[in-house]
Amino acid sequence: MFRFIVRRLLQLIPTLFGLSLLLFIWLRRLPGGPETAILGERGTPEMRAAIRRNMGLDEPILVQYGRFVRRMIKLDLGTSTSTKRAVTTEFIERFPGTVELTITAMIIAIGVGIPLGYLAARRRGRFLDHASVGGSLIGICIPVFFLGYVLKAIFSENLHWFPSSGRQDPTLGATRVTNFFVLDGLMTREWDAAADALWHLVLPSIALASIPLAIIVRITRASVLEVLNEDFVRTAEAKGLTEQTVRRRHVLRNAMLPVATSIGLLAGGLLSGAVLTETVFAFSGIGAFVAEAIGQRDYPVLMGFILIIAVVYVLVNLLVDLSYSFIDPRVRVR
Amino acid sequence: MALLEVEDLSVTFARRGQRAVHAVDGVSFAVDAGEVVGLVGESGCGKSVTSLAIMGLLPKQPGLRVGGKAVFDGTDLLQLDDRSRRDIRGRDIAMIFQDPLSSLNPVIPIGLQVTEVLTRHRGMKGETAAKEAAALLDRVGIPDPKRRLKEYPHQLSGGMRQRALIAMAVACQPRLLIADEPTTALDVTIQAQILELLKELVRDSGTALLMITHDLGVVAGMCDTVNVLYGGRVVETARRRPLFRQPRHPYTVGLLGSVPRLDAGRGEKLNPIPGSVRDLLPWPDGCAFAPRCARRTDECVGEPPELVHAHDGRSYRCVNPEPLPGMVPAPREEESA
Chain Y
77 MFRFIVRRLL QLIPTLFGLS LLLFIWLRRL PGGPETAILG ERGTPEMRAA IRRNMGLDEP
137 ILVQYGRFVR RMIKLDLGTS TSTKRAVTTE FIERFPGTVE LTITAMIIAI GVGIPLGYLA
197 ARRRGRFLDH ASVGGSLIGI CIPVFFLGYV LKAIFSENLH WFPSSGRQDP TLGATRVTNF
257 FVLDGLMTRE WDAAADALWH LVLPSIALAS IPLAIIVRIT RASVLEVLNE DFVRTAEAKG
317 LTEQTVRRRH VLRNAMLPVA TSIGLLAGGL LSGAVLTETV FAFSGIGAFV AEAIGQRDYP
377 VLMGFILIIA VVYVLVNLLV DLSYSFIDPR VRVR
Chain H
123 MALLEVEDLS VTFARRGQRA VHAVDGVSFA VDAGEVVGLV GESGCGKSVT SLAIMGLLPK
183 QPGLRVGGKA VFDGTDLLQL DDRSRRDIRG RDIAMIFQDP LSSLNPVIPI GLQVTEVLTR
243 HRGMKGETAA KEAAALLDRV GIPDPKRRLK EYPHQLSGGM RQRALIAMAV ACQPRLLIAD
303 EPTTALDVTI QAQILELLKE LVRDSGTALL MITHDLGVVA GMCDTVNVLY GGRVVETARR
363 RPLFRQPRHP YTVGLLGSVP RLDAGRGEKL NPIPGSVRDL LPWPDGCAFA PRCARRTDEC
423 VGEPPELVHA HDGRSYRCVN PEPLPGMVPA PREEESA
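Residue numbers (the numbering used here), protein chains in the order written: chain Y, 77 to 410; chain H, 123 to 459.
Bear in mind the hints are in silico, worked out from the structure with no lab data behind them.
The structure presented is a predicted model; accordingly, all values stated were derived computationally and were not measured.
So the derived label-pair ranges between C-beta atoms look like this: (1) Leu202/H / Arg79/Y: 52 to 58 angstroms; (2) Asp204/H / Phe222/Y: 43 to 49 angstroms; (3) Phe203/Y / Asn442/H: 53 to 59 angstroms; (4) Ala314/H / Phe203/Y: 50 to 56 angstroms; (5) Arg202/Y / Lys191/H: 30 to 36 angstroms; (6) Ile183/Y / Gly189/H: 45 to 51 angstroms.
By construction, the Cβ of each residue, glycine as well, lies at the ideal position given by its N, Cα and C atoms.
Excised from the complex, chain Y in its bound form (with noise of 0.2 angstroms):
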């Protein structure tokens, strides 16, 4: 099991390496060079010539690239070119909240999708099925920005039961230790603040898990559909067992294989559709950010965002892998 992660976590090498290589390129072949990104359309060539200097863009390529690498290494992703702070600062602080939205919406889209799931494929035909497979097709159609307004609308502004913006109310001062607000309160025992972190996520978090939900729901349909026809839920029956045994430890667990791959792919979609939750409720996370930076055209943000989702990808499909191989012992690591 041990060497399983380490040998994992060390793909993770390739995998950045191949990135930078595509950032780099990416960077070089700005439109007008990074000294355009960087000064815009105006900039007499004198200042030009400035920049190209202070990048170290005039040296050979591979040096360049070492550069890069190395600072990569470092984590200093430069400074980004809106703020004027240093890129992996401007993370430090933003990224923990965008865990936090995306982390309770998979919390959400897995709680209520996995049951629901279920019990549809056991009411097959009647109409909670019905119900639910109409329900998520629905909730894979409509577009999280708008799912966003409209409960935005409704919740905040016509029934004021939760907040329409922001991450904590700022009046109550609350303590920052790691920027996860809810882990803040609870470590610094404020109460009220972690609450009211909470309060916040609500709404973003149901929009960002509308469509993780759909697709969970019907997964986990189908899967348990196909798993109550096999044999060994029949042996199980001729067994005697109770239904709940047959259930829980026969049906659900089987069922839960196809789940748990599609919840990998969907983490690492979810991170993606932050940008558009946070930008709909002002919710000062790491996508909003982006969100910004891309109108900005804001690139070492841009990268250093890229370069997330990455790691986050590997990391989360690892833990995939991982509790698969808790589920089926066929595939189990050694």
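Fit chain H to the supplied structure of chain Y, relying on the hints for placement.
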């Protein structure tokens, strides 16, 4: 009174807009305590559906209708509610299935799959259950049972898997064991071992065995009484020896003629029955075998033939049965016994 008495069992699958299919149509037979009874027929004749109906294991679906009676030890299994059925299944009546790999849960160790029966019906837990499970595996001939308990189905060979399934089935010393083609998915050598094991278990424990098979070799080696099924009906019932000596129903004759024999001369052709049961679904009124029968007469079409009770407990459902060899000297039982 027999241990299991199936009376006029019928299973119908109705689909909207289609003619209902009578998978099993008025099947009656009995299994006495400690007896080995065969249910024989080719694929699609309704033998598996019969066994699943008795166990209450037919997949629930709209349009499924089960009629008749299946009286086990005084109770009609078909009238029981789900809970009482679950109490009987695995404890009084156990079942072994055809494909041992797909019949075992791939993600649970063998041990738990054995102990869950012990926990459910015998209230055993923890160490006690594990010990008993190891003893059971040992009893069905699985070497190193303690280690096997921790293994998963994919780590066992086909024969071992079927042995494990048998261990689960006999865990509560059931009074009736239903084996649905238990050797079909196995190699010939393993088949023989599994049959030998079943025979031994039945002999030692006094468990009755309902053997569902298409393999007349299995029947010849094991069964006391044989019921031949065709088109969802029992077409002939007899003790093993008379059935093999003098089959009366043309279908039984055909089945026996389809078996390759070592003592047949070289170049002698097999005598397969033309066509297949499945071609004829839904089965015709009258005798279901008539379209394939060599002894067909005009009487065979229309009404299904009545069951004819002959001497020595035989019965068959045919208006023009194979004649008894009247002129030929009667078979001498002593010689081959």
